[in-house]
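Chemist: Based on the sequences and whatever the hints tell you, model everything.
There are 4 protein chains.
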Amino acid sequence: MGTVKCVGILTSGGDAPGMNAAIRAVTRAAIYNGLQVKGIYRGYKGLITGEIQEFKSQNVSNIIQLGGTILKTARCKEFLTPEGRKVAHETMVKEGIDALVVIGGDGSLTGARIFAQEYDIPCIGLPGTIDNDLFGTDTTIGYDTALNTILEAVDKIRDTATSHERLFFIEVMGRDAGFLALNGAIASGAEAAIIPECSTEVDQLEEFIKSGYRKSKNSSIVIVAESEITGGAMHYAERVKNEYPQYDVRVTILGHLQRGGSPSAHDRILASRLGAASIDAILEGQRNVMIGIENDQVVYVPFTKAIKNDKPINKELVNVLRTLSI
Amino acid sequence: MGTVKCVGILTSGGDAPGMNAAIRAVTRAAIYNGLQVKGIYRGYKGLITGEIQEFKSQNVSNIIQLGGTILKTARCKEFLTPEGRKVAHETMVKEGIDALVVIGGDGSLTGARIFAQEYDIPCIGLPGTIDNDLFGTDTTIGYDTALNTILEAVDKIRDTATSHERLFFIEVMGRDAGFLALNGAIASGAEAAIIPECSTEVDQLEEFIKSGYRKSKNSSIVIVAESEITGGAMHYAERVKNEYPQYDVRVTILGHLQRGGSPSAHDRILASRLGAASIDAILEGQRNVMIGIENDQVVYVPFTKAIKNDKPINKELVNVLRTLSI
Amino acid sequence: MGTVKCVGILTSGGDAPGMNAAIRAVTRAAIYNGLQVKGIYRGYKGLITGEIQEFKSQNVSNIIQLGGTILKTARCKEFLTPEGRKVAHETMVKEGIDALVVIGGDGSLTGARIFAQEYDIPCIGLPGTIDNDLFGTDTTIGYDTALNTILEAVDKIRDTATSHERLFFIEVMGRDAGFLALNGAIASGAEAAIIPECSTEVDQLEEFIKSGYRKSKNSSIVIVAESEITGGAMHYAERVKNEYPQYDVRVTILGHLQRGGSPSAHDRILASRLGAASIDAILEGQRNVMIGIENDQVVYVPFTKAIKNDKPINKELVNVLRTLSI
Amino acid sequence: MGTVKCVGILTSGGDAPGMNAAIRAVTRAAIYNGLQVKGIYRGYKGLITGEIQEFKSQNVSNIIQLGGTILKTARCKEFLTPEGRKVAHETMVKEGIDALVVIGGDGSLTGARIFAQEYDIPCIGLPGTIDNDLFGTDTTIGYDTALNTILEAVDKIRDTATSHERLFFIEVMGRDAGFLALNGAIASGAEAAIIPECSTEVDQLEEFIKSGYRKSKNSSIVIVAESEITGGAMHYAERVKNEYPQYDVRVTILGHLQRGGSPSAHDRILASRLGAASIDAILEGQRNVMIGIENDQVVYVPFTKAIKNDKPINKELVNVLRTLSI
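Keeping their order, the protein sequence lines are chains A, B, C and D.
When we follow the working numbering, the leftmost residue of the first sequence carries the number 1, and every step to the right adds one.
When we follow the working numbering, the leftmost residue of the second sequence carries the number 1, and every step to the right adds one.
When we follow the working numbering, the leftmost residue of the third sequence carries the number 1, and every step to the right adds one.
When we follow the working numbering, the leftmost residue of the fourth sequence carries the number 1, and every step to the right adds one.
Honestly, the hints are just simulated from the structure, not real lab data.
All of these numbers come straight from a predicted model, not from anything done at the bench.
Careful: at least some of the hints might be erroneous.
Since the list gives no way to pick one copy over another, a pair counts as held whenever it fits inside one copy or between any two copies.
Claimed, not checked - The calculated lysine-lysine pairs, modelled on DSBU-like cross-linking and capped at a C-alpha distance of 30 Å, are: (1) LYS5 - LYS94; (2) LYS305 - LYS77; (3) LYS305 - LYS315; (4) LYS56 - LYS315; (5) LYS315 - LYS5; (6) LYS77 - LYS241; (7) LYS241 - LYS86.
Modeler: As C-alpha cells, this is what we get:
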C-alpha cells in the first residue's frame, strides 16, 4: 500500500437526498488536494462492469441542489460473491483507483468492509440513507430532507383531515427504525406514532382511541413506521375500523416520494462536510471507517461499530410526543 | 322573494385548496355591498343542526393562504331527503338567511339545485373540486393546486426512479375525470397517462412496454387516474410485473395529500373572482347558477348545464403527451 | 425557400421558468416529425459565435423541471446591427439550420422579426417572459411561476408583518406591466397594488393610509410594480414615512429570485404545448409568427401584433382587489 | 416564592419560525402537568397593557405549522425602565401569573434576566431567533428554517445567474453573526461568504475576483452577512463594479422573507422539546435559565452565560466552503 493518487466514488443501496452534494464534496476536496477522482456508476455494479468516468470539478457543478444521485445506484448481487469482488478489484487496478469512497446505508458499508479486508484497499464510508439507522453519526445524509418531506405531506393531509374530521393513519419509511415516524409525528403535531422500538405505543393507541379521541380534537393523525414489527398503517386502520366503526378512518402510504426532492440545508451541509472529511481521512491514512458528525465534530467510526450497533431512540422524544398530543 | 339582506355560505363535499379564499371573497364582497354574512359549518349538515355563525371581515382575515376549509365540510345524508331539506329551510328562515352560496363539486351543486327549486331560494354555486369535472368553467377551485402538488410529488419520485432505473405507476385523483392525470403527465414529463376518457391509451402502454421502453430511457413514469374504468395503478403494475418480469416496477398512490396545501396563485385569484362575482350575481337577482370563469370572463352557468354536461378532454393535450414522451 | 430539415432553437433576453420545458418540447416535437434540431447557446450571440450543438432526445431529458435555460441567454448588441445579422445568417447556412424557434420577450421577438424579413427565414417565436406583457397569448411562459414565487415570498413576509403589525411595501418585477403586481396582490390578500396602468391607485393608497388602515387590520401589505412610472416601493415607503411617522414601514425588493425556480404545472404545460405547436407551424409553412394560447386554443400571432399592441389589464381584477381588501 | 400554579408565555423581539410550535409546547406541557397557562400579547408590552388571555389546549391547535407568532411580538421601551417593569409586575400579580416563559433573542432574555432579579420571579427563556447567536444551545428556534429559506432563494437566483453568467452578491440576515451567511453559502454551493467573524474573507474575495473567477465557472454567488462590520452586499457590489467593470454584477437583499414561512422539521422539534422542557424546569424549581439543546440533550444555561458569551463560528466550515468552491 502506497500513497493514494486516485479516489473512486460510488453511491449504493437506496438513494437519499444529499448524495449528489456528497459526490460534489468528495470530488472537489480530492481535486483541491491534488488527487484524481473517478465516478463509478450504479454502485458496486459499476466496479464489475467497468462503467467508470473521470470527474473534474465541472462534472459536479450545479448538482448540490439535486435529489437522487448522478452516479445512479443499484443493489448488486455479484458483489456479494467472492468472484464478483475479484472482478471489482481487477477493475480498480485497471483504472488505477487506489481508494474508495462509498456513500450508502448499512448494506453498502457492509460490502465496503468485506471488500476492504479482502483486498487491503482504503475504503471510506459516508452514511447515506433516509432511515438514520447508522450508529456513530448524529444524522445520516438524507434523513433531514425526508423528515421535511414527510412534514409537508402530513401538513397537507391535516388540511383535509381537519376539514372532514377524520382519523388518518400515515405510513412512513424507516426500515425497522422509528426515527422518521417519531420525529415526523412530533414535528407535524400528530396524535401518536407507532414505531418498532416501542411496542407499548400500540396499547396507548388503543387507550387513546377508546377514550374517545374526538372529545377535544376534530381530527387525528397517527404516523406509522413501515416495518414487519408494526405491521404498517393498513393493519392498524383495519383494526380500528373493525372495532370502532363510528370513526372515519383513512390510510395514506407516503412511499417513494420520501426518497426524492432537493436536499435540505442540513443535508447539504452534512454531505459537504462528510465529503470533504473523507478526503482528509484518506490523506491521513485512515481506512475502513465511516465518517460521521457527532456533536458538530467530524468523527471516524469503524465499519463494524457503525453497522452492528443499534442506534437508540431518544426516550425524551417519546415523552414529548405524548405530552404535546393532549 | 324580496331583496336579499343576509347571505349564508357553506362548503360541501370533498375539500379543495382555495375554498378558504372563496369564503373570504364571498364574505368581504357581501359586507362591501352592505349585506350580512353567515358561515354555515359542515356543509348542508350545518343547515340542519343550526351550527351557524355571523362572519365579519376579520373572521376571514389571514385565511386566503390556508388549505382545507375553515367552515369544515361533510357529506350529509339527511339533506338528500325532503324531510332534511325542510329542516334546513326552517333554519334559514330562523337565521334570516335569504340567499345561499354553496362551494363544492357536482354532488353539492345538485343539492343546491333541488333545494333552490323546492323553496325558491336564490342559490349560487361556486365550482370547488380538485377534479376539474364541472362544465362551464375553464378550471375549478383547487384543480391548479392539486396539479402542482402532483407535480412536486412526481418530481421527487423521478429522482429516485432515475437513480434506480425503475418503472413507476403513480395513481392520482380525478374521480372518473382524467384532467389531473393527463395534465400531470405532461407537466412532469411522464412517459404515459392512463385516463378513463381514452381506452386506447392502454393499448399504447402495451406497445410502449413491448417495444422496450429502456432503449433510450433510464426510468419511466406512468400516471394513472384513479377510476373504476382504468382499474388504478395497482392493476397495471400487476399486469406489467406478470408479463414483463424483467422490469423493476413500483407503485405509489398519492392519496389525500392531493387535497391539501396552500392554494396556488391561480386558485386564490380564481376563488377571489368567483367569490366576488357570486355577490354581484345575487345583487343582480341571479339565482340557481354556478359562477364560472371562461376565457378570463365571469360567466353564469345554469346548475343543470354545469352538472349534466361532460367536460371534454382537449385532444391536443393527448397528442402533446405522446409527442414529447419519445 | 424549400422544405425545412433542421430547426435551430435559442433563448434570448431575460430568462423565465419554463424555458427548459419549451426547449425540450421543440426538440422532441422536431425529432418526432423527422427534423434535425440544433441548440444555439447564449441567444443571438450563439448565432454569431457559432456556439451550436446538435440536440437528440436525450439532450433534453430531465430538464422539464429546471428553472433557467440550459441554452443560456444573453442580450446581444451585435445582432442589433445589419453586420451582426449577416454573420448570424452565414452561421445558419453553414450549420444547415433552415428555421429558427426563438423563446423570449418582446425584444427577442423584435430581433426575430427583423432577421426573418431580411433573410427570408422561417422564424417562430414563443412568448417567454415572467412579465406577461405580450399581446396574443393569455399568459407567457414563466408568468405563472413568478406569480407563485411572489406569493410564497409575500406569505412569508405576512407572517412577520402580522407578528409585528407593520406596513410593508413589496416591489415586484413587471417592466412597466402591472400583471405580476395586481395579480400578486389579489392572490396574497394584499391591501393594495400600485401599478403603472392605474395612476388612480396612488390616490387610493393615500386615502387608505389617511383613513387609518389600522382600524381593523393589524398589518398591511402593498405590492408595487417596479417601473419608472410608479417610482418603485422605496419611493412610496419614503412618502408614507415622512407623512405618517406613526407607521412602522418596511420595504422588500424581491429582485431576481422572481426569475428562477422550478416551473409551475401551468408553465410546463404551456411551454410543452407551445413548443410542440411551433414545429407544427413550421411544418405547415407558417413563418414569422408568435405562438400563443388563447382560450385554451393554440393561435398564431403575427410578430408585429404581439409586440406592438398593449396587453390590457382586466379592470374586473382591480375591482376585486379593492372589494376584498376591506 | 411558593409552588407555581400559573405560567405566562410571551414572544419578544424579532419573530422567528417555530415560535408558535414553542407556544403550543409550553401551553400543552403546562396543562399536562396541571398548571394554568396565560398568553401575553405583544411581548413585554402585554404585561404593561394587560393584554392577556387564558390558553387551553385548543387555543394552540393547528398552529405548529404556522410562521410568525400568534402572541404577536413587539419591542417595548417602557419595559426598559424600572417604572415599566413595576407595572408589569403588578399585572402579573393581578393575573395570578407566578412564572414566565419568554421566547426571544438576546435582548428579550436580557429583559427577562433583569425582571427576574428585581421581582424574584421564575423566568425561563427559550432561544428564539433566526440569527443563531445565543450561546449554550446548538441552534436557536427559527435558524434552520431561515437557512432553508435562504437556500431556496439562492437556488432560484442561481437559475438566473447561470443562465446569464452573472456575479451575484446576496445579502442575508444575521445581526453581526455569520451563521446564516456561512452555512447558507456552503449549502447553496456559493463561491464565497463574507461574514463579520472573518475579515480575511474579504481579501479572499479580492483574490478570487482578481484570479478571474470566470475561468471555470459560468456564474458566481457570494453570500454577504448584513452587518456594520461587513458593510453589506451593496458595498461589495459597488467595489467590484468599479474595479472590474467587465463583470455583470447584481445584488439581492433577501430581507424580511427570511423571518417567515412554515417552520422546518428541525425547528418544530426543537421548539417542542424546549417548550416541554421549560415546564419541567419550572416544576424542578429552576429559575432564570435559558433552555438549550446541546448534543441532543436538554441543558439549562444561566441567562448571563447565554447572552454574554460569543458563540463561535466553527472554523472547519470556513475551510469546507473554501475547498468546495474551487
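Chemist: Run every hint past the structure and note whether it holds.
Modeler: How the hints compare with the structure:
{"no.": "1", "hint": "LYS5 - LYS94", "result": "within (14 Å within a copy, 45 Å between copies)"}
{"no.": "2", "hint": "LYS305 - LYS77", "result": "within (24 Å within a copy, 56 Å between copies)"}
{"no.": "3", "hint": "LYS305 - LYS315", "result": "both (22 Å within a copy, 28 Å between copies)"}
{"no.": "4", "hint": "LYS56 - LYS315", "result": "between (46 Å within a copy, 26 Å between copies)"}
{"no.": "5", "hint": "LYS315 - LYS5", "result": "between (46 Å within a copy, 27 Å between copies)"}
{"no.": "6", "hint": "LYS77 - LYS241", "result": "between (42 Å within a copy, 21 Å between copies)"}
{"no.": "7", "hint": "LYS241 - LYS86", "result": "neither (54 Å within a copy, 33 Å between copies)"}
Of the hints listed earlier, the one the structure fails to meet is number 7.
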